[in-house]
Amino acid sequence: MSWEIRENLTAFSRFLRTASLGRSLLGLLSLALVLLLAVNLATFVMIGRTAEFNETIDRNVRVQVAARDVLTRLVDAETGQRGYLLTGRQQFLTIHDEAVRELPMVMQELDDLTASDPEVRERVDRLRNLARERLGVMDASITLARSGRAGDAVQIVRDGRGKELMDAMRLEIDAIDTIESERFASRRQQSEWSARATIGVNAMAGILVLMLAGIVAWIVLRYLREMQAAHYELDRINANLENEVRDRTGDLIRANEEVQRFAYIVSHDLRAPLVNVMGYTSELEQAGKVIDRQMAKVETEAPDLMERDALVAVREDVPEAIGFIRASTEKMDRLINAILKLSRDGRRVLSSEPINMTAMVGKIADSVNHQTEAAGAEVEVAELPGLTGDRLSLEQVFSNMIDNAVKYLDPKRPGRIRIEGQDLADGMVEYRIIDNGRGISDRDHERIFELFRRSGKQDQPGEGLGLAFVKNSIRRMGGDIAVESRLGEGSTFILKFPKRLYVSENGTAS
Amino acid sequence: MTTPVKIVMIEDDHGHARLIEKNIRRANISNAIEHFADGTSALEHLFSEAVLTNGPLLILLDLNLPDMSGTDILEKIKSDARLRRAPVVILTTTDDKAEIQRCYDLGCNVYITKPVEYESFSEAIRQLGLFLSVIQAPEID
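Protein chains in written order, with my numbering: chain Y, 1 to 510; chain R, 1001 to 1141.
In short, the hints are calculated from the structure, not lab data.
You may find that some hints are simply not true.
Said to hold, decoys possible - In silico lysine-lysine, BS3-like type, Cα no more than 25 Å apart, as pairs:
1. Y:363 / Y:471
2. Y:331 / Y:341
3. Y:471 / R:1076
4. R:1076 / R:1097
5. Y:499 / Y:407
6. Y:341 / R:1022
7. R:1097 / Y:331
8. Y:331 / Y:163
9. Y:289 / R:1097
What the hints assert, rightly or not - Far from chain R, by Cβ distances over 10 Å, these chain Y residues were calculated:
10. 109
11. 220
12. 283
Note that CB positions come from ideal geometry on N, CA and C, so glycine has one too.
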């Protein structure tokens, strides 16, 4: 598992190190994603700040209202007190009492609102003390008035202490008001600034995302254009390649024809001097016989004249020389004929027809029956897959192969030859000729397919043509031949042919 | 009264020419033999007035000549109104079936492959000798 992860990481880092379209796109998309996240975050912060701001403003206003309320209650209380002092009517006292009863609640609210605000708190404390003192002054005058000393009570009002206290409170409240107003203004400025910042960040991010999108579009477009160009280039190269292949094939066919023509001409022109060598060798032989007869006559009629050396020369040396010349020329003629045959075979126009291989190979096996029976050998032909090909070539090939198998059986054991075959997956057919004959040494596995080359003990007639011819033939049909063999154990020849031979205009496999 | 058949041998290889001649002589044929080593001089001779008016002919023709192909000569002979009746024996190293067929198509009378085995060659020439002694080459008018 961890190995897998490491593997993935390695692949990923390799991906990152390699400049590619994928890497560029991934980079740009990551960047865009980061930008969006930043915008998101900024917006979040902004919303938080706005909420905070709203709350602050709310408190500012409430502080201002509460402070005013405190003053209002005191003014109400003062109004009630003064009415009572002036008129002595009890209903004014009710107004006063109500205001005095409400004052602590209003004061408490102001306390609560400013609990965590030392700057305002200080003023609220002072305000509370002033209010208490003011109430005390009021109470004193009312108490005096109640006890019938109205003059003393008015005197207290006249002293002006109450007005002083009220003015001081008004100052405090104005101060609180100012503080809260200033705060409100600064908060609003902050809020406006952060709103602008948010808008700015949003706008910037928007522009960046648009730019990234533009870059991505440009990269993709460029990539597509490059692909298109590469595609055209590939088409062009392919077209060129086809032309080149055609040219080369043409060259090869011409070269092949040239070689065949060359072989044909050479073998003809080589035969002409051979005819002379052979003919005049015979003439010499004839002449030798004439001389021999003449010598025989001399021998009987005048033995003294007879030289022993001359007799040996005429009766032994000359016939021996002639014998070697003749054997060599005959061999040379066979070799030339072999080249001629190969060259002719190479020029033969192939045909293509469906062939029942089991029947064809069976017939060839029957034709060697008398040889195999004499040697106590057996040829077994399994059910063979058929093919469409050149009948004559295939007959010659299998004839050669079976002849060879019979020819090179090991006399020490009963010969077993088996021919089997199978269809291969790639549109080819494979046939195997398996024998338990004398086998072929490793170093000769290539050589045996060469012209005039033979392997092992040279105890069988032949010029080393068969396999060269077979290979040539199989190659012409687009097939191949190989050998598997161990010396002294047997050989297996593996022949492959296309299931269907297509013959082109010039009669070769295509 | 018949004039003896004259043999015209067109053969570029002097060795072959000599061997053929020897074998013809050995087969007891004593007709005059005229030898040409190339196609041009042979045609010149064959188409000269003297030859055309002078008795029957038998032509021995080699196919591989330096200056032209034997089949060209054969074609010329067989397309001439007077020479076409002269029997033509092709003597060549080629045993190519297509070529043999072509020679017969062009009107050659006998096709002999020069074999390297001398015995069969001599045999062929001897048979040619027999052939020569048996046939009555038609008169050329």
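Structure-based check of each hint:
no.: 1; hint: Y:363 / Y:471; in the structure: 22 Å, holds
no.: 2; hint: Y:331 / Y:341; in the structure: 15 Å, holds
no.: 3; hint: Y:471 / R:1076; in the structure: 43 Å, violated
no.: 4; hint: R:1076 / R:1097; in the structure: 22 Å, holds
no.: 5; hint: Y:499 / Y:407; in the structure: 29 Å, violated
no.: 6; hint: Y:341 / R:1022; in the structure: 31 Å, violated
no.: 7; hint: R:1097 / Y:331; in the structure: 23 Å, holds
no.: 8; hint: Y:331 / Y:163; in the structure: 157 Å, violated
no.: 9; hint: Y:289 / R:1097; in the structure: 38 Å, violated
no.: 10; hint: 109; in the structure: 131 Å, holds
no.: 11; hint: 220; in the structure: 67 Å, holds
no.: 12; hint: 283; in the structure: 7 Å, violated
Hints 3, 5, 6, 8, 9, 12 from the earlier list are contradicted by this structure; the remaining hints agree with it.
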